[in-house]
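Novice: With the UniProt record's numbering applied, the sequence shown corresponds to residues 1 to 485, in that order.
Treat the hints with caution; some may be incorrect.
Beta-carbon label-pair distances, calculated as ranges [stated by the list, open to error]:
hint : residue 1 : residue 2 : range
1    : Ser42     : Lys482    : 22 to 30 Å
2    : Ser42     : Gln333    : 46 to 54 Å
3    : Asp471    : His97     : 49 to 57 Å
4    : Glu426    : Asp471    : 19 to 27 Å
5    : Gly150    : Lys482    : 26 to 34 Å
6    : Glu69     : Glu223    : 20 to 28 Å
7    : Gly150    : His195    : 35 to 43 Å
Don't read these hints as lab results, they were simulated from the structure. Keep in mind it's a predicted model, so treat the numbers as computed, not measured. Idealized CB from N, CA, C, for every residue including glycine.
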Amino acid sequence: MAKFNLPGHSALLLGIGGSGMSSLAHILLDMGVSVYGYDKKSTAVTSYLTERGAKIAGNLDQIEIKDIEFMVFSSAINDKNHSIFEDAKNLNIPMFHRSDVLHKIFSQKKSISVAGSHGKTSTTAMIAQVLKDQNLSPSVMVGGEVPFLGKRGGQFGAGEWGVYESDESDGTFLKHKANLRIITNIDNDHLDFYHSREKLEEAFFRYIATDTPGHVIVQGMDEGIRNMICHLFQPKPENQNFNLWILLNLNSLDLEYKDKLDQIRKHLTKNLHIIPYEFKKNGISFQVQEQTYQLELPFSGQHYSLNGLTAFIALHIVGIPAISIQAGLNAYQGVKRRQEVLGTANSITVIDDYGHHPTEIATVIHSLKNQKKDNGKLIVLFQPHRYTRTANLKNELADSLVNADYIFLLPIYSAGEAIIPGISSESIAENLNSNPWKILKGEVVEDVTVIDAHLHPGDTLLCIGAGNVRDWGEYYLQEKSKLKK
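All chains should be modelled from the sequences, with the hints used to inform the complete structure.
Specialist: What follows is the structure, given as structure tokens:
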């Protein structure tokens, strides 16, 4: 077992099939920890963990608590009244939030943490892929399966660098003290936890303004990051212990923002680095130390290009040659459930995407519409995620779907939340105005028959949401493949 300050050699991970928890499970397995798990659902993720040696139960009562030296839970666990928690307390078995264990592992590496409302998974994956391609054997925690790690999103490597997603949803990202801290953007999400946009932005500011020296990279054109910089960033001589890298499209800066950046520059002097960029037809062009570079990632959309630039700067700070970074990012392989092509049937392409916040949804739809131009229609199957998010953002969710040619809405995926009376997929539909739409029952077989009647050769079916909407796309392709045989 790796010599890290873990509280034991055997761990029980609750909700082990989740994206973040499964990645942590793979890291612990790499470290030689005996991994036990609990998850209500048996999936390909849990099956692979079982193949690797994890012992997973579908019922908490099936777990032998005496074999456990520490327990790991996440904020998504809602059955904390189960007797296993009391049993662990009586046996003095330590219980840790997932972020605490993550911090224990990565704090003993040179680490890069990636935070943001959107884009942190792809940005983390880009950095990790290049580190791996450079034979630096990084430790990695990504909230999704990535091709370069096989069928998982976590790895404990022998190298000195680690890169991980830093999740802001429950405030636990403030425990992470990485040497290099990134913010991709700040959007109106998780307001059920923060209660206001101001408190959300303040939390992100605390994330970068830690007393840990190193580097901070921010996508400076994002409105939330701009607000954070203009209203919260008040650098003083005593807290100049990190370098601030701000990515800016100089052609889009207004005078107020320029003035604020000039004030920050006076305080930070050599510690402030402005990275100017502009979007090109096939990617992004930018300057670092008066040298001009260009990235052309194999995924479309300005958001991907900007995340690629963010990854470039992080890797540049690590010390990887620019030519190697460019080659690595231009060969970026993507992340499962991020514009992932599931397959094609009858000249109809089926794509799965994890997007669940209005900004993400609108970005994906815009990107796919630009690719299609006039070649067929974009049919969107959207599964709202969480009752609280739907209640808070129902108008914005409707607006994010407007560029779809036809919209199918599935019932809300609760993610363990209690039902909120009066909140349903209809809360979104009633704001769709002129868009053609239909609410489905949430039964895969019946729903796919309805969807199929609206699809024609050349069309794209986008299955989007953070729940199990992918199941509808996979079933559609399975049924079409049967007809071919």
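Novice: Out of the numbered hints, which ones does the structure contradict?
Specialist: Those not satisfied are hints 2, 3 and 6.
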